[in-house]
Amino acid sequence: MTATRARLLYVTDLAYPARGRRYCDEDIFLTSRLRGEFDVALCHPEDAVALMDAFDAVVVRNSGPVLAHPGAYAAFRERAAARGTRVYNQLTGRADMAGKQYLTELTAAGFPVIPTVDGVAGLDRLPEAGQYVVKPRLGADSVGLRTVPADRLRAVVEECAAAGEDVLVQPHVDFVHEVSFCFVDDTFQYALYAPRPDRRWELVPCVPTPDDLAFARRFIDWNTVRHGVQRVDACRTRDGGLLLVELEDLNPYLSLDALDEADREAFVTAFAASLRRFLAA
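All residue numbers for the sequence shown refer to the numbering used here, where the first residue is 118 and numbers rise by one.
Don't read these hints as lab results, they were simulated from the structure. Owing to the predicted nature of the structure, the values given are computational and were not obtained by experimental measurement. Just so it is clear, CB atoms sit at the ideal spot from N, CA and C, and this is done for glycine as well. Watch out, some of these pointers could steer you wrong.
Label pairs and their calculated CB-CB ranges [to be verified]:
| # | residue 1 | residue 2 | range |
| --- | --- | --- | --- |
| 1 | Arg-196 | Arg-394 | 23 to 33 Å |
| 2 | Arg-269 | Val-293 | 25 to 35 Å |
| 3 | Arg-200 | Pro-244 | 19 to 29 Å |
| 4 | Pro-187 | Arg-335 | 24 to 34 Å |
| 5 | Asp-170 | Arg-316 | 34 to 44 Å |
| 6 | Gly-201 | Ala-158 | 19 to 29 Å |
| 7 | Asp-142 | Asp-170 | 24 to 34 Å |
| 8 | Pro-244 | Ala-171 | 15 to 25 Å |
| 9 | Ala-171 | Phe-305 | 33 to 43 Å |
| 10 | Ile-145 | Pro-244 | 41 to 51 Å |
Start from the sequences and build out the full structure, keeping to the hints where you can.
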């Protein structure tokens with residue numbers, strides 16, 4: 118008798134218009150591979166609540182479920198908590214999953230992160246810079262992000278507060294390049310970097326140093342996601358160090374098309390093994 122296969126509901130908005138990336142290609146590829154050992158159904162974020170009870174676990178992918186469908190995602194989280202639904206990534210994340218407030222918390226705790234403060238009240242705690250970045254506390258894909266000169270910063274942040282916009286503020290960092298570290302559960306998988314700062318998603322593989330990996334792992338250890346895929350995004354400063362840009366613990370884009378076949382296959386193997394462990398936990 119054939120053993121019963123686990124049923125996965127894979128939540129994705131295949132039409133989500135990501136800048137510089139094709140999320141749908143990545144989701145189609147991953148689900149085609151997962152079907153080798155799981156029964157997989159794709160659904161739109163707006164349909165997840167209606168369908169989720171018929172599956173053994175729900176896999177949330179790409180930014181669509183949160184950025185473009187906040188109401189549906191909130192209803193999904195509430196239903197999952199009420200029914201004890203297995204959700205991958207686990208909904209215990211302390212980073213982007215809960216909004217970007219964690220950047221202020223990590224700043225206050227002395228972590229190597231781009232200094233980040235809340236609105237007007239924290240401006241005096243920021244280092245001096247020629248320009249500053251103002252970004253929504255709840256956001257992704259740089260939506261709503263603004264770069265403003267120092268002499269306009271307070272006025273812009275006050276305007277945001279008056280309009281009811283919940284924003285965070287950071288100095289604009291002069292960096293060499295951005296680098297991303299991908300982990301499955303707590304195991305490092307691969308690193309990619311963008312040689313040109315003005316082309317964030319033109320990525321090539323790189324071999325991280327032991328210090329680079331120690332930097333990335335510090336944030337993985339800080340977080341509370343034991344089953345899931347996380348991406349640590351950092352910028353390489355002019356002195357060679359790294360500062361955290363964001364810790365994506367909800368549905369990170371994986372840039373699998375930038376990997377060679379061997380590394381891509383290694384990721385798929387690790388991803389499937391993580392799901393098996395998650396289902397067995």
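Taking the earlier hints as the rules, which of them does this structure contradict? 3 and 8
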